[in-house]
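Converting from the sequence shown to the working numbering requires adding 463 to each position, the first position being numbered 1.
Please keep in mind that the hints were generated in silico from the structure rather than gathered at the bench. The hints are all genuine.
Once the Cα atoms are required to be at most 20 Å apart in a straight line, the calculated EDC-like pairs of lysine to aspartate or glutamate come out as:
hint, residue 1, residue 2
1, K788, E846
2, K750, E760
3, K532, D565
4, K665, E677
5, K842, E873
6, K790, E849
7, K520, D573
8, K840, E873
9, K840, E825
10, K833, D802
11, K713, E725
12, K665, D633
13, K792, E846
14, K842, D802
15, K586, E507
FRET-style restraints, in silico, Cβ to Cβ:
hint, residue 1, residue 2, range
16, R742, V692, 55 to 63 Å
17, A783, R742, 55 to 63 Å
18, I715, S657, 55 to 63 Å
19, G606, G646, 54 to 62 Å
20, E581, Y695, 47 to 55 Å
21, E825, G863, 19 to 27 Å
No experiment lies behind these values; they were computed from the predicted model shown. Note that CB positions come from ideal geometry on N, CA and C, so glycine has one too.
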Amino acid sequence: YSCHYFPLSFPRTLSDNMAPHGWLWCLVCQLVLGLAAAEMYCGEENCYGLLGVVRGKVDASGIKKAYRKLSMQWHPDKNPDNKEEATAKFQAIATAYEVLSDDSLREAYDYYLDHPEEQMYNKMRYYRAAYQPKTPLWAVLVGLSIVISFFQYYHRKERVRAFLDSPALDQMLEEEYLNNCAGGRHGYQTGELSDARKAEIKEAFMASLYENPECPLYWAKWSHTFLPVWGYQKPKEFMIWLHWRVVNHKEIMAERRRIAEEKRRAEEEARRAEEERLRLEREKEEKRERNAAYLAERQRKEEEQKQRWVEEAEREAEEAAAKEKDKPKIVTGTIISSDELRKKGHFLIEVRYGTEDDDDPETAQLVVEKELQIGQKVKIALEGAELPSGKIAKRSKVAGEWSEGVLLEELSGGGGPTPPKEAEPAVEEEAPAQDEDEAEGKSKARQRKKKKG
464 YSCHYFPLSF PRTLSDNMAP HGWLWCLVCQ LVLGLAAAEM YCGEENCYGL
514 LGVVRGKVDA SGIKKAYRKL SMQWHPDKNP DNKEEATAKF QAIATAYEVL
564 SDDSLREAYD YYLDHPEEQM YNKMRYYRAA YQPKTPLWAV LVGLSIVISF
614 FQYYHRKERV RAFLDSPALD QMLEEEYLNN CAGGRHGYQT GELSDARKAE
664 IKEAFMASLY ENPECPLYWA KWSHTFLPVW GYQKPKEFMI WLHWRVVNHK
714 EIMAERRRIA EEKRRAEEEA RRAEEERLRL EREKEEKRER NAAYLAERQR
764 KEEEQKQRWV EEAEREAEEA AAKEKDKPKI VTGTIISSDE LRKKGHFLIE
814 VRYGTEDDDD PETAQLVVEK ELQIGQKVKI ALEGAELPSG KIAKRSKVAG
864 EWSEGVLLEE LSGGGGPTPP KEAEPAVEEE APAQDEDEAE GKSKARQRKK
914 KKG
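Hey, can you work out the whole structure from these sequences and the hints?
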C-alpha cells in the first residue's frame with residue numbers, strides 16, 4: 464500500500480510531545496488500511512478464482528451453477544476426513560458467491576480490482592454496497608404506514624370504549640330524552656317515553672354522534688386512519704381537485720385576470736387618492752405661505768403706518784409746542800358769555816381772543832368774583848403767564864368750575880347789561896331767542912371745559 468495519501472508532515476499538526484516520527488505514522492496507516500482491506504470482499508483471494516469463473520465471461524446463472532457445484536464438493540459433511548479445510552473452503556466459496564451474486568456489490572468489487580490504489584474510496588463503496596438495505600423503500604413506507612394505522616385504530620377504539628362506558632354519554636342521552644319529552648323532566652320521570660321510543664331516540668342520537676367530528680365515535684373507523692387517508696382519500700381528493708382545475712382552467716384564469724384587474728384598479732385609485740391628498744396638502748401649504756406673506760406684509764404696512772403716525776404726532780407736538788411757545792400768555796379778548804355760579808358772588812365767563820383774521824379763534828373760561836357784561840373787553844393772563852405780582856398763572860378749580868386764567872384788567876365797556884324781564888313787549892318777544900343763545904353758549908362752554916378738564 465502506498466503512503467502518498469498520508470505525507471510525513473501530517474503528524475506535525477499534533478503537539479511535539481505526542482507526535483512520533485513520520486515513518487512510524489505511515490507504517491501504522493498502512494497496517495490499518497491493510498487490515499481493513501483484508502476484511503473486504505474475499506480478502507486476499509480473488510472471488511472469481513474461488514468460484515472458478517472468468518471475469519467478464521460469466522453471468523448470474525453461471526455464477527450460481529459454479530457455486531452449487533463447489534458447495535456440494537466442499538461441504539463439511541462430504542469431507543469428514545478433512546473437515547477443517549473443507550469448512551474454510553466452503554465459507555470462502557459462500558463469501559465469493561455473496562459478493563458476485565449481488566449486482567451492486569459485484570460492481571464495487573470490479574472497481575476495486577481495477578483501482579486498487581484508491582483505498583479509501585473502495586472501502587466506502589464496499590460498506591455502502593454491503594450494508595445498504597435490501598428491502599425497497601416503498602415496502603418500508605407501506606409497512607410503517609400499516610403499523611401506524613393499526614396503532615391509531617387501536618387507540619381510537621379504546622377511546623370509543625371509554626366514551627361508551629363514561630357517565631358523560633348517559634348524561635347526554637338523558638338530556639336528549641328530556642328534549643323529546645313534552646312534559647319535560649316531570650314527563651320523563653312519570654314514564655312518558657316508552658322503551659321503544661327511547662330505543663329510537665338513542666339510535667338516532669348515536670347515529671348523529673358517529674357523524675360528528677368532535678365526537679370520538681366519528682374517528683373510530685379504519686377509513687379515518689393514516690394509511691387509508693394518505694394512501695387513498697388524499698390522493699383521490701387531489702385528483703378530483705386536479706381534474707376540476709383542468710376542466711375549469713379558462714374560468715380560473717379569467718377569475719385570476721379579473722382579480723388582478725380589480726387589484727390594479729384599486730392600486731390606481733389608491734395612487735390617485737394619494738396624489739389628490741398630496742395636491743391638497745400642497746395647496747394648503749401654499750395657501751398658508753400666501754397668508755403668512757400677506758400677514759407679514761400687512762404687519763409691515765401697519766408698522767410703517769404706526770411709525771408715520773408716531774412721526775406725525777411728534778411733528779404735530781413739536782409744532783404745537785413751538786406754536787404754544789410763540790403764543791402770548793397775556794391776551795385781550797371779548798366776553799361772549801357770563802353765567803352766575805351757585806356760589807354767591809362768583810361768575811363763569813367765556814372770553815374769546817385772537818385776531819379778526821383767524822378762522823378759528825380760541826376761547827378761555829374764567830371764574831371771576833364780579834358780574835361782567837357780554838361784549839366787554841378784558842385783559843386776561845393764561846396758564847403759564849407771569850403775573851404783575853411775580854407769580855405764575857395756573858389753571859385752578861374755583862367754585863366747582865375750572866378757571867383757565869386770571870382776569871387782569873377790564874377794558875372798554877360792552878353793550879350794557881342784560882335787560883330785565885319788565886322791558887317792552889318787543890324786547891320780551893326777542894328774549895326767548897336770546898335765552899336760547901345764552902343756553903347754547905353755556906352748554907358749549909361746559910363741553911369745552913369738560914374736554915380740557
